[in-house]
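> Sequence:
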Amino acid sequence: MNAVLQYLQLLLLILFLHHASSHSIPIFNAIYSFGGAYEDTGNIAILAPTKPGYRLLLNPPYGETFFNRPTGRASDGRLVIDIIAGYLGLPFIPPSLAQDQDFSKGANFAVSGATTLNLTFFQQNNISNTLLLNTSLSIQIEWFENQKPSICNTRKFGDSDYLYMLLGGKTIDFVNSTVPLVVETIRSAAERLLTQGVMHLVVAGIIPNGCLPQILTYFASGNRSDYDSLGCLRVYNNIGMYHNALLRDEVKQLQVEYPQAKISFSQYYEPIIDFLKNSSQYGFASGTELRACCGTGEPFNFNSSAVCGQTGVPACPNFIYFYKLGWIALD
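Start counting at 1 in the sequence shown, then tack on 13, and there's your number in the working numbering.
No wet-lab data here; the hints were simulated from the structure.
Computed from a predicted model, the values in this text were never measured in an experiment.
Glycine included, every Cβ here is placed at the ideal spot set by N, Cα and C.
Just to be clear, a hint being listed does not mean it is correct.
Unchecked claim - Derived Cβ-Cβ restraints for the label pairs, each shown as a range:
#1 268 x 113: 32 to 42 Å
#2 132 x 190: 12 to 22 Å
#3 247 x 280: 15 to 25 Å
#4 268 x 99: 19 to 29 Å
#5 160 x 248: 38 to 48 Å
#6 190 x 155: 44 to 54 Å
#7 231 x 290: 23 to 33 Å
#8 42 x 311: 27 to 37 Å
#9 235 x 113: 15 to 25 Å
#10 327 x 273: 46 to 56 Å
#11 233 x 115: 39 to 49 Å
#12 158 x 311: 45 to 55 Å
#13 279 x 77: 33 to 43 Å
Claimed, not checked - No more than 25 Å apart at the CA atoms, straight line, and that leaves these computed lysine to any residue pairs for SDA-like:
#14 290 x 275
#15 118 x 100
#16 290 x 212
#17 64 x 102
#18 64 x 135
#19 183 x 230
#20 183 x 232
#21 265 x 160
#22 265 x 251
#23 265 x 275
#24 64 x 190
#25 118 x 277
#26 118 x 160
#27 118 x 135
#28 183 x 233
#29 275 x 212
#30 275 x 101
#31 64 x 133
Could you put the whole structure together from the sequences, leaning on the hints where they help?
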């Protein structure tokens, strides 16, 4: 697939439905997830199986380390949402667009490449990308609302936005100016769920985009001061820090306004930075931290004309010693 998709993360919104328990830890009986490639368990393969950039998700090496076949997940194995479901004793959460599925234990509305902002925002600002689909956060919430009656009877986003803007030629100033809008859209979506009685909600921040192989390749700079001590591009990481700071504040405000609900902020940015600083402690080979595991080309193993899933493009021979940003080996 187009390598930009390998690292897209929008927002992770997960809501948990649980039944009463005498234990201090709630016993959850369903998960409903919204987001992008980090959460999509197969919707994109149903929605756009022949679309260039996405159809490669149906080719090896995707799925090879756990499912032994491609499943539509943008990973060689399980996703974070799969790990969470397993920890809670739940089955893998099926994609909401799948037919003949049992949604009594939850449904996954996430779609790879999805954005927080609606498609019209990108069209009005002349931001085009072949990966853009009409699968924004508000669309996913609508899917949830439409499916909710069946859920009850049988018995839950911003990197993509910023990456599409950057790859569409927009300036850093323009991207920064949209951060409050993206965060407000996330807050509105969260509030839309909370007003419908959701009692457990996780809202996730975004990753350090300035450390991604494709960002480091597309926006390489000859000025050493543009890079931090980890080799990441400062200005692109600053977008993530700004976004996360605003989003964390909004989550705190929601916690005040909805005290009956359990609302959590999940951080991706800081753990990834910690990993880059201490990669050897996690058993990863030194010098590979910023390289894509599956791909070609130097210095970051990224080449937009030969990306993961295409014939002849190798995955790393011993993936446990590589760190593909955003996809720490969990399997």
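> Broken hints, numbered, in rising order?
Those not satisfied are hints 6, 8, 9, 13, 14, 16, 17, 21, 24 and 27.
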